[in-house]
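Q: Given next are the chains, with one letter for each unit.
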Amino acid sequence: MSVVNRTMYPVQSSMDLISKMQKQFTSLQTQLSTGQKAANLAELGSDRYFDLSIRSRVNRLDGYATNIKMVNSRLDMFDQLTTRLATIQQGARGLITPNNYGSQDIILGAVPVQGASNLDEVINLLNSDINGRFLFGGSVTDKRPVADLDSMIYGQAGKAGFKQVASERQQADIGDGLGRLTLGGAGANVSVTEDGSHPFGFKLSTVTASSAAITLTTPSGTPPQTTNVQFTTLPIAGDSVTFGFTLPDGTSDGITLKAVNGPPDVGEFQIGADPTATATNLKVALQTSLQTHAKTTLTAASNNAAAANFFNGHAQSQMRVQPSPDFAHATTLVAADPSTTVAWYTGGDSATPRSSIQARVDDAQTVNYGAQANESGTLGMVRALSVLAIQTFDVSDPTTKGRFDAIASRNVQSFSTANNANQGSIEMLGIELNNAKVQVGDITSRHSDYNTQLQGLLAGIEKSSDEEVAVEITALQTRLQATYQTTALISQLSLVNYIK
Amino acid sequence: MGLSVSLANALSGMATSQASLTVVSRNVANAGTPGYHKQSLSVIDTMGVNSAFARTGGVERAFNSSLQAYYNSATSDSGYAATMAATLDQLQTYFGKPGDDGSLDTMFGSFQNALQALGTSPDDFATRATVMSKAQSLVATLNSMSSNIQSLRQSTETQVQSSVSVLNQSLNSLAKINYHLADQNGDAASRAALMDQRDRLVTSISEQVDVQATYRDDGTVALMTRTGVGVLDVKPATFAFEPAGTLTADKQFNLDPTKSGVGKLKLISSSGLSIDLVQQNVMQSGTLKALIDLRDKALVAAQSQLDEVAAGLAQSMSTVTTAGAAASSGTQNGFSLDLSSIRDGNDFTINIARGGVAQTVKVLRVDDASKLPLSYTDANGVQVVGADFSGGAAGIVQAVRGLLGGGFTVSASGSTLTVLDDGSASTTDVTGMASHATSSALQNSGLAINLFSDNNGADFTDSLTGRGQKLGFAARISVNTSLLADNRYLVQYQAGGSMGDDDRANYLLDQMTNMRFGTPQSNLSELGSFRLGGTVGDMISQTMDYVGNVAADATSNDETQQTAVQALNQRLDSEYGVSVDEEMARLLELQNAYSANARIISAVQDLMSKLLDL
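Going down the list, the protein sequences come from chains G and W. All the letters of the first sequence, read from the start, carry residue numbers 1 to 500 under this note's numbering. All the letters of the second sequence, read from the start, carry residue numbers 501 to 1114 under this note's numbering.
There may be inaccurate statements among the hints.
[As the list claims (entries may be wrong)] Output of the computed footprint for chain G on chain W, the stretches with three or more beta carbons under 8 angstroms from beta carbons of chain G:
1. 591 to 603
2. 609 to 622
3. 990 to 1001
Hints were generated in silico from the structure; no laboratory data involved. Note that the Cβ used here is the ideal one computed from N, Cα and C, for glycine as well.
If we strip away everything but chain W, and leave its shape as in the complex, we get (with noise of 0.2 angstroms):
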């Protein structure tokens, strides 16, 4: 033991604390840096061969794997419920409170009230040209509705393609990175620079992917989605996007990607494979999954629920109603209807009781043979079964039998269909039955009238051929021409009859107010599931509840999660988190300690100098 040894060890000891206050010159400089971790500086009391001194141990950086497995699958929830709250509340604006001036309701309420008007007033010209403008507004904003509809849904594809350069950026980013860092001869800090960069861009992927990450020994990263996909180990995966050009309501996703008309979302793995992230189901979480949810759920349901009220409006108005006539043989009484006049699209109802219990069963004209069979109660809770008039009344005898049941006769004449209840077993009864056909001319057919058309004036039927006549029909509806061109359609229903007579607009209003719908299948998506039924202004009010719920769902779990994140971000801070204050205690005890040290040295140069001078 010697002076010299007490000379090692102070020197030892100003080396760590110089080393030291490097550490805490960073923490402190770094105090305001995004991602940036806390590091420390390990110090170990090393045994020399007659001495004790002190080294540097390496730097350390603060990171807790749980704790950021746990915030990147919040970070991906989080931003679901983030994008999804901000296009919903979008929607929602676009059908504006109720009562507002431009809102569905207040212009189906002023449409209404211009009918009634035009009841007591049919031969003002004034009233009937204020009933097409309140029909030409009402239409307007359906179309408009629409048109919002899809350019949010076309928004999102924009918004996904933004998405994915993002994503592969940040992929390329981190695979450089885990580059970098497999390579451990790298000075220590720098490397931690490093990790810091890898768990932000983690944390930026998972934001837009739900991503699990998983950190190896060496420091690299390697990602793949919560349903197991690889997206990124030594090499990155890319995500590729085929947008669909301008969207419109009939463009929606299938999973046969022939019919398909959306976008196409692809993840390419670094050999060459390519997977449908969408078709597969691959994405669980984050802001992708949720414009794919968007783009092909939410909104489509919005769209499909503006149609069924854009098609209920049009049926009301356009539908002739035509009851049977009573008819018996021997002891069995019952129906028979002109089944002529049925469209495309149209349908006729028996009502029947069997065993007392009233039921309906409807009968559905459908010309596409693709579409057959079709069975399917609806929202109201009638059976709907479709048949192909084409063999007239004597064609579709089978498939009212099946409909029925046993119990009841079924018989055809040309084009007309009898329906006979089980006699004097009575069992069975046939209480009614009724055709539901679209209106073929603005007079001379009926009370009925086809107000509102299709594009190019065509009639609505709701023909059930190709996609349907009512997929996208809010954004084509508009208002009968003829009508337009000259309005005392709207009261003579007879060509030539009079103007005063107020039977055309008491139909119109009486329809408006009677006529009840019902959403048939719901095979659109789990959001659409939501099925409207009952008269068109129940279905608007349904609609507008339905978009207000579903805009308010999402906002509140937006501000869940956001709670969520904020509470994981109070964990982040305080591990990882710079505390000025315990850096500017150690700063103090470091200032001490290298005082300690330099007295030491200034003591041990004192003795040396002493005994020189000796």
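So here's chain G without its partners, still in its complex pose (with noise of 0.2 angstroms):
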């Protein structure tokens, strides 16, 4: 349209008005049926900064409600599965107790398969998924963190499991049936002597004797160390020498021999007719005991140390036994080449497993809620439970219940309420992640507060008020009808309409 058609045939003003009444009219109808103050962006007015900074505001608040659900639904699971874990490791507590094996010994056949199915269990729950993701990797959140129950205890593919590691450890730790410890020594003498410097067997600690007639030499120098028992003159009956011994994970382990004058007993030794007679006899008796140790006592706690360096936690490396020049005669632990070991964990090993894993929920604000299935309380009991996985308790061996007991007061330690106060329990893990959840719950419901005051605002700037457009049509249709009556009225008033 060109000007000149627009100003050169001057409408009447009136009817000119008339036009810009109606679409006044239009556009108030418009703004009734949208409820929306402006059509577009010119008509915003000079609130359109506030409104474009408003909006990004409501919607990083969307964005972070998208990620607040998202974590919730992972808190919620992560809540079922503390809560399963805590009562396998309450359940497991009560399957091992020392010198307890049930009528017809039926829990040293139990034993074993009930802590393989625990250790099943845990492992399944370990790696437990919520849409692919995989909740106890830590930051490693696309693969199964734990290897599946058979891989881990009898391998796979040609790489060793934990049953395989524990009995290479057992052979190294056993040796020749001594726990790696010589016998010699000759006249009064009797000397205890390890095998040689390395981390395998009995390793001497003490020697103490509760007889005037012993001289003793306590272990020292540096390893192999030796001791020395030495018969002055004849012991009397009632007198003992006790050895002391750590074993392979650390706790100790003692054998008292008392000397007497019939024929020994168990952990007894015959006084002899001279001190050399005593001491050969002290040597036999000792011989017999270390037998015996070594398949209870240190069997147990040659276990545990597998599952130590099998099951590595933070900044560990899975250890295996270098078999030179065999399992028995060997003298180091290496680091596992991982193409013959199967590694049981495969997630992310983070110092501060929480927050390997962070949500942004808020600007400023973030929710940690990683976990990873090598912190120590899952660590513990994927230990415990597959040491006990591992065993065969035969009732016709005799040294089968001390081995029972000395397995159930080590591994019953794993599942003892005492850890719940260590980092990385499974109740300390339940806690944090209820102190997330907790932490999300408080910001969303501010975020709700703000979105509602946003929103608010946003209304303020862009609705109409109904009642102000009702208003002002009702003004504008009074406008328009006088208008349009005096136009009528005043196109009426034409002489031509008068003369005659």
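Using the hints, build the complex out of the two chains.
A: Shown next, in the form of structure tokens:
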């Protein structure tokens, strides 16, 4: 439309006003039906920038809300998982009690099976995923953090599992039967010597005697250490010699041998005719005791040490026995080759597992809710249950009950409530994740308040008030009607109509 | 004195009445004709030898030259305002209302939220795919908005062309009318009709170009622009427009005609002298001026703001920030920084304090020697200089010294630049140095990533070479195809890294919310002098606010102009318009006069016959 058309055919100004009013009418109608003051960017007027910044704020809150929803569903899942883990822990605690073999020694048979099935469940829980996201792998959330039961215990595709690693360790610890110790000594001497400088078997720690007839050489020197018991005269019945050992898992064990006059029972030695004969008797008794202890406490300790080496925790590497010249005479532990050993945990390894996963739920606030299967709580459970799972308790073997007791007393501690206060225990994990949930809840309610405020502000800028628009429409209608009427009237008033 | 005198008088009266009736009837007939100026007949009483009779003194046409001049200028301004308002209104609809589905801020918001979700679930394929699709939508919005802006520019050229042909026709017609008017022999009524046509044409010309009309005594008119260039004086000048073909963002107006990429609007005088109307800035108002302003300023400004947004978006994702290492020598402390990763268009900053007043300076790598020396203060108030990095760190020592001024020791070794304060005098301090380089690989080069790329997958480094990489980037920006093929790059910043690692996602989000940009120089145009500064989100808000503002201003300006034109119309109507009532009243008068004259003739006849019957 050219300006000429608009201006050189002068429409009556009243007509022009009418068309303007009609336009206004249409715009008010639009406002009434959409509830929006402005139909486009320009009409928003001076509040435009304010509007834009509020909208970007609201949009960000929407984004946080989506994140919070996601995080909450994960935290709910965690809640269930930790509760179940705690229940398993409790059940396992009741399973193994030293000196409790059940009627007909039923517990001896049940423990390995129960251990294996508990372990299976723990592994499953640790491998839980939500929407393909694994929860117990720290920052590595895209693959199963823990190997499955079969591979973990029995190995997989040429890679050694725990059972094999533990058996190798057991061979290294027991050596030729005496727990890597050699007995010697000429005449009235009994000497006990470690067979080399290595971490395996019994380690001599103390030797004590309750007899003036005995001269002791306490274990000393750089490994291999040696200790010596010398009978200066004959001991009297009731005198005793105690050898103290440190076991591979760090626990201690002791063998006390008591002098008797008659034929010796277990833990006794006969006083001979002279110190030399007595020394020989002591040596025989010590050998028998060592053989028994190697099959009970040392084996239990060896299994636990193997578990500690195989199920590596934070910043530790998996260790295995170096078979040189063979396992029974091995002298070193080496880092396991991942191509020959099953890695039990392949998730992320952060010193602070909680902060390995952070969710942005606010501009400056993050929620930490990562968890790793190699944290102390779950790690301890997996170790202990694995040790139980690889056992076979043969009731015909006289050392079986001793071994059971040794294993039970060691591993029941892993399930003990005394660990609850430790960093990374299952209970601590539950508490920390719950804290995260509470934190998220607080943020959610703050966001929802904030969102309401912002929506109010937005409405103030963008929404038109129905009442206001209605009043304006009425006023406009009155004006428009009046204009129509007067225009019509005036158009009748022409001299033309009155000329006859 | 005798009856014959009375008869003669009555006859003259009847003749004038008849002539008046002709005028009245013409006025009534043309009451609705556009541009018709009401006419009137002047009647003169003439003293004869022995009588006084009436005779017509010629037809007069209502005309007020000062009102006409005012009207012409108002038409120009209204033409300018209406064209501006129409095009800018179209522009603002492309941007959409804040919060609308396709609006830029909504697109950006959803992209940001997708990145947030990526931080929470980096291992989820669907989440990563969402990030990519949101990035694509955002890029598509920028692309389509740029192409809309460019097609608006293109349509201004088309409009200029049609406007030029209308102008030339009008000018030719006006020249012919001038020729006819110069001939004084014509009938008075037809002269009036010619003048009506003349005024219509002048108005139609002034709508396009702001012309001043000089009305001569003989009824002819001469036109010249307000700036004094003759458009019509006897012979008409010709407007000529050479369109530039398809317009793109990099085709811009330049004072140097060899560098100008847009169509040329020329005025060729009757003597054959050609003058470039845009280059000489001849026009001040009118539709043509509005179209040229839109093409060269308003729409260019809108495009350059979009380019800023696109550049900010690409750079916020791709910038690797490396902090300098602390360095010292004796009592002097400072920082040293490796400059080897800085690419063309990248920069490094030095934070200094002089006398306790903190200040940031920025050194930009400029490979195009023709752009040097370069020195300006950006929209965030940071002092920026360009430097040639080809000589390693040693090559820019001088530039940095010049930038920092006294009190600092600047040295270089290999690609490392060291800046130290004045030591024990302690009037100056170096508080930090950092390089901001564009990531060069998808993996193993930090958390940043080239999520967005230029044509053919080229990295966007904001190089100044040639016309500068930023120019028209909003039209070219695209999503890196390697990432579309494998969206795991959004997470794996190290080859084989964990898919659960949220570091890259969070880094990108942080960059987007924290990295600040500033429009470098405003050398584009007055309308583009609104400089953007802040984060990408800020810049988007500023762009939308600016476009809305400009459109609202144009609309309100248009309304003001229309009101002014309307007021003038009423004046014109009262001065030139035909009032039917008035004409009817005159008709009655004339009827009466005619009857009276006829009565006199009949009376004279009566008397004569009485006389003859004697």
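Q: Against which earlier hints does the structure fall short, listed by number upward?
A: Going through the list in order, the structure violates no hint and respects every one.
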